[in-house]
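> Sequence:
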Amino acid sequence: MSYKWLKRLILWIPTVTIGLWEYVRHAILLPYVSMELGNVLAPVLVFVVTLTLLRGLFAKLEQTQESLQQERVAKAAFEEREQLARELHDGISQSLFMLSVKLDRLERETSDPKAQAATQEIKSTVRRVHGDVRQQVESLHHTPLPSKQPWLQSIHHLTAEMEQTSGIQTTVEWNVKEDVLTPKQKVELLAIMREALMNVQKHARAGRVIVRGGQLRQSWIEDSIEAAFYCEIEDDGIGASSAQLNKQGTYGLKMMQARAEAMRWSLDVSQASPQGTIVTIRGRGTAK
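For the sequence shown, the working numbering begins at 937 and goes up steadily by one.
Possibly wrong hints are sitting among the right ones.
[Stated by the list, open to error] Within a straight-line C-alpha distance of at most 27 Å, the following computed DSS-like cross-link-like pairs (lysine-lysine) qualify:
| id | residue 1 | residue 2 |
| --- | --- | --- |
| 1 | Lys996 | Lys940 |
| 2 | Lys1038 | Lys1050 |
| 3 | Lys1038 | Lys1011 |
| 4 | Lys996 | Lys943 |
| 5 | Lys1011 | Lys1113 |
| 6 | Lys1113 | Lys996 |
| 7 | Lys940 | Lys1011 |
| 8 | Lys1011 | Lys1120 |
| 9 | Lys996 | Lys1120 |
| 10 | Lys1138 | Lys1190 |
| 11 | Lys1138 | Lys1059 |
| 12 | Lys1120 | Lys1190 |
| 13 | Lys1011 | Lys1190 |
| 14 | Lys1011 | Lys943 |
| 15 | Lys1059 | Lys1190 |
| 16 | Lys1011 | Lys996 |
Worth flagging that the hints you see were computed from the coordinates, not collected in a lab.
Please put together the full structure from these sequences, using the hints given.
What follows is the structure, encoded as structure tokens:
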């Protein structure tokens, strides 16, 4: 039922009810029901009809309004990501590319072996950072969560994309309900998961990745349910601790930690058994 029809029914039902009551009262019940009693029964009847019929319509209206609000939040988040992607591409990415070109020219013009070695090292760092920026721009351009696409389908789409680009086998074991996370939380969690999978592709030399999700507990707080959840990305690669990932000079882990802190979540990187790495995100998502 459309939003317009909901508003019409909410307006029409009380009007039609009081009209029918007055007709029946004057045409049939007038010998049995006095004018005073009829005047008292009229608002009572409208109230009863409102409770029985309009309550469902009001609930449907609130659900429609909430759905529209979620779509607006998701759209606003995606527009912010698009703006950030444009700024990265037009600013940092182009500057890094120009710096790489100048370093190539400098390397050709110098004959000092030490200077050439230093130039080569700087070029390697610039290209690595440039590659990271390009991946982040691509990630930002990717729609994080289409408004009508189920959350679990978005995760499967992310893992399927990884399988196609890297050949790493992925498995999803997801037991977090759709309404546990808000649209913004889903966007941020999916971005963290994407960055973790990128790190697996670049550093882990893994053959398999498992994405797990589950709920820890639920508690009633005021008028909402606050549900704790966890998300794990486990690979069977060479293994790397958070300290080792920071040593590698990549910014992926720092970006994941920054996103998690912004959502007041915890993020931990640990060794898997017998080998590999586990990235664990724990936090709270509010479902109304």
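> For the pair we were handed, lysine 1059 and lysine 1190, check the Cα-Cα distance against 27 Å.
holds, 22 Å
> With a cut-off of 27 Å on the C-alpha distance, tell me whether lysine 1038 and lysine 1050 pass.
Roughly 18 Å separates the two Cα atoms, so the pair holds.
> Is the hinted pair lysine 1120 and lysine 1190 satisfied, with a Cα-Cα distance of at most 27 Å?
holds, 20 Å
> Taking only the CA atoms, is the gap from lysine 1138 to lysine 1190 under or equal to 27 Å?
holds, 16 Å
> If you draw a straight line from the CA of lysine 1038 to the CA of lysine 1011, is it 27 Å or shorter?
violated, 40 Å
> Please verify whether lysine 1113 and lysine 996 have alpha carbons no more than 27 Å apart.
With Cα atoms ~21 Å apart, lysine 1113 and lysine 996 stay inside 27 Å; holds.
> For the pair supplied as a hint, lysine 996 and lysine 1120, confirm whether the alpha-carbon distance does not exceed 27 Å.
Given pair lysine 996, lysine 1120 holds - Cα atoms ~23 Å apart, limit 27 Å.
> Starting from lysine 1011, check that the Cα of lysine 1120 is at most 27 Å away, please.
Holds, because 10 Å separates the two Cα atoms, which is no more than 27 Å.
> Is lysine 940 within 27 Å of lysine 1011, Cα to Cα?
Distance of about 23 Å is within 27 Å: holds.
> Holds or violated: are the alpha carbons of lysine 1011 and lysine 1113 at most 27 Å from each other?
OK: lysine 1011 and lysine 1113 at ~22 Å, within 27 Å.
> Lysine 1138 and lysine 1059 were given as a pair; does the straight-line alpha-carbon distance stay at or below 27 Å?
holds, 19 Å
> Below or equal to 27 Å on CA atoms is what counts here, so check lysine 996 against lysine 940.
It holds: about 12 Å lies between the C-alpha atoms, which stays within 27 Å.
Hint check: a violation occurs at hint 3 only; the rest are consistent with the structure.
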